[in-house]
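Undergrad: Residue numbers (UniProt numbering), protein chains in the order written: chain A, 1 to 314; chain B, 1 to 314.
Hints may be right or wrong, so weigh each one.
Pairs of lysine to any residue, SDA-like flavour, derived with a Cα cap of 25 Å [as the list claims (entries may be wrong)]:
#1 A:Lys296 / B:Glu179
#2 A:Lys205 / B:Ala268
#3 A:Lys99 / A:Thr217
#4 B:Lys116 / A:Asp7
#5 B:Lys218 / B:Trp61
#6 B:Lys114 / B:Phe15
#7 B:Lys160 / B:Gly222
#8 A:Lys114 / B:Lys160
#9 B:Lys116 / A:Gly288
Here are the simulated distance ranges between beta carbons [what the hints assert, rightly or not]:
#10 A:Asp198 / B:Thr217: 44 to 52 Å
#11 B:Ala27 / A:Asn77: 45 to 53 Å
#12 B:Pro22 / A:Arg105: 49 to 57 Å
#13 B:Thr95 / A:Gly147: 55 to 63 Å
#14 A:Asn115 / B:Glu94: 51 to 59 Å
#15 A:Asn115 / B:Thr224: 43 to 51 Å
#16 B:Lys99 / A:Glu107: 54 to 62 Å
#17 B:Ile244 / A:Asp297: 24 to 32 Å
#18 B:Arg203 / A:Glu107: 40 to 48 Å
#19 A:Ser259 / B:Glu53: 54 to 62 Å
Since the hints were derived computationally from the structure, they do not count as laboratory data. Remember, it's a predicted structure, so these values are computed and weren't measured experimentally. Yeah, the Cβ is synthetic: ideal placement off N, Cα and C, and Gly gets one too.
There are 2 protein chains.
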Amino acid sequence: MSLSNLDLLNECDGFPYYQVDPDLYAASISTYFELRVQGHDYAIGYMLPSVVEIFRNTPNWTVDDESRILTLAGGSNAEERSAAVMRTFVAMKETKHFKVLDKWRNELYSVNGKNKELLFDVERCATPLLGVVTYGVHLTAFVRTGGKLKIWIPRRAKTKQTYGGMLDNAVAGGIASGEGPFESLVRECGEEASLQEDLVRERVKACGTVTYFYIRTKEAGGETGLLQPECEYVYDLELPADVIPKPGDDEVEEFYLWSVPEVREAMARGEFKPNCALIMLEFFIRHGVLTAENEKDYIEIVSRLHRRFEFPTL
Amino acid sequence: MSLSNLDLLNECDGFPYYQVDPDLYAASISTYFELRVQGHDYAIGYMLPSVVEIFRNTPNWTVDDESRILTLAGGSNAEERSAAVMRTFVAMKETKHFKVLDKWRNELYSVNGKNKELLFDVERCATPLLGVVTYGVHLTAFVRTGGKLKIWIPRRAKTKQTYGGMLDNAVAGGIASGEGPFESLVRECGEEASLQEDLVRERVKACGTVTYFYIRTKEAGGETGLLQPECEYVYDLELPADVIPKPGDDEVEEFYLWSVPEVREAMARGEFKPNCALIMLEFFIRHGVLTAENEKDYIEIVSRLHRRFEFPTL
Chain A
1 MSLSNLDLLN ECDGFPYYQV DPDLYAASIS TYFELRVQGH DYAIGYMLPS
51 VVEIFRNTPN WTVDDESRIL TLAGGSNAEE RSAAVMRTFV AMKETKHFKV
101 LDKWRNELYS VNGKNKELLF DVERCATPLL GVVTYGVHLT AFVRTGGKLK
151 IWIPRRAKTK QTYGGMLDNA VAGGIASGEG PFESLVRECG EEASLQEDLV
201 RERVKACGTV TYFYIRTKEA GGETGLLQPE CEYVYDLELP ADVIPKPGDD
251 EVEEFYLWSV PEVREAMARG EFKPNCALIM LEFFIRHGVL TAENEKDYIE
301 IVSRLHRRFE FPTL
Chain B
1 MSLSNLDLLN ECDGFPYYQV DPDLYAASIS TYFELRVQGH DYAIGYMLPS
51 VVEIFRNTPN WTVDDESRIL TLAGGSNAEE RSAAVMRTFV AMKETKHFKV
101 LDKWRNELYS VNGKNKELLF DVERCATPLL GVVTYGVHLT AFVRTGGKLK
151 IWIPRRAKTK QTYGGMLDNA VAGGIASGEG PFESLVRECG EEASLQEDLV
201 RERVKACGTV TYFYIRTKEA GGETGLLQPE CEYVYDLELP ADVIPKPGDD
251 EVEEFYLWSV PEVREAMARG EFKPNCALIM LEFFIRHGVL TAENEKDYIE
301 IVSRLHRRFE FPTL
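My request is simple: use the sequences and hints to build the entire structure.
TA: In structure tokens form, the structure reads like this:
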């Protein structure tokens, strides 16, 4: 198996593009329901009909089969809506309707409206059922020796439920509701890579976002076909040679310090967790590793790493 | 006048997005004609009806009013099509149909198909009439002193026909048909900033692309409303303190070495050539100047600086 960079991108950014294939796009969209919040006449997510079916006759939700819209009708502010959403998913967890709800995290993610206002919070593991945008932070830690980059790459513990044993970014995590990306990153740097807070605050550099529209496969766990538009804030951290990231919990097995060719070969072999491979691609683009001269799909890859969503974002 | 970063982006990326406003998108698209090449059933550009009108009954072109498609029907390969296109525009220049053709450059741009193959070459000044994707290179030259960035910013000669007296990127130019982006950049670095070729080759770093869909205003010169999707390959060049860019021709008046706040203030005052302001925005995102914490439209800006087009690209 040798995956091209476009193959790696296609794994995570599987939702069609209207501007490239309007017919395929229309055919896809027509199978989904829009998720809306009452009083806000725009989509905040796309949902599978099989998921919407379970919301039918559930308090606080209304299904419009004609327009294919599921509306969260309960609650008149963020707090009330969040409580209504929580009650729904707690009940659905009990009734074991959805496998993804078995991985309850007790972590709330925010869902935002067109004015970036909070519409409601929702338990993290339920977000793919709603098809709403989720947010994370991903850090690439590297050293420069003799003008060459070497990159710190962790391997996930084999015991992890999802993507066990696969390669990852130095630090990566989801952003909880109310938390800012930078503060989230600083916290994760300590938890996941045992990096000193002052070193991180001094040296880390925000470098943009990577956005992609993932259609969940069995590797993600739980129901397949669920829609998961994701926005990852990306950061670079150039480390001194004597700072060595160490697993801070049992989620990481070990850290490797690899040359760019070593990383690229592991990517081509499909050893990276799919969205972490995208973060590496974007890092390689910003650092002149991938160029128009050596990557035939350069323009397409750069664009698609920064997809604009159908839904409002933070 | 104080322009936000989103205002600066809106000036260059004015074409609507289907995924954000399908109704506005459909209303816009329905006023245009698609440009196609015979035997290739997809759009390679959007054209104004007022422009298409002039192609009616012109040899080598067919107008389908029902489907709103203008097809280049002459020629069965790139060479023959290029010759047919050239004859058309030479004639239109003579008949003075379009003001944009007064600025004939004797420079050919390439128009490519879905397999990245050359469909035809076309005189540079005619590209906005066809609405096809054009390509350029933009370089940001900077120095780092005491951990602070300072950026080399040229001011365009007041006598330049377009955007005279406005601020620019250190080096910027269009990519001629058949030329690679990197070689184009090296050439422009010598011509526009008097930078030594070996210094450029050793130090310059490819950092991605900036893509946006411009609707031409009067500032661009010639007819307004023409559609101009552009792809700029972006490069960074960190210069030693003792290397000072110098105007290599009479197109640049002088170079300033400005701090980040000085550059940002000039951007907010609208002093930059619009697409050069986008290159600065993207530079600021990659270098941690603009972050999620200090720019409320961060995600939207990052996405829109990397727009995916309706048309095939190189």
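Undergrad: Can you give the numbers of the hints that this structure goes against, from lowest to highest?
TA: Hints 5, 8, 11, 12, 15, 17 are the ones this structure does not satisfy, whereas the remaining hints hold.
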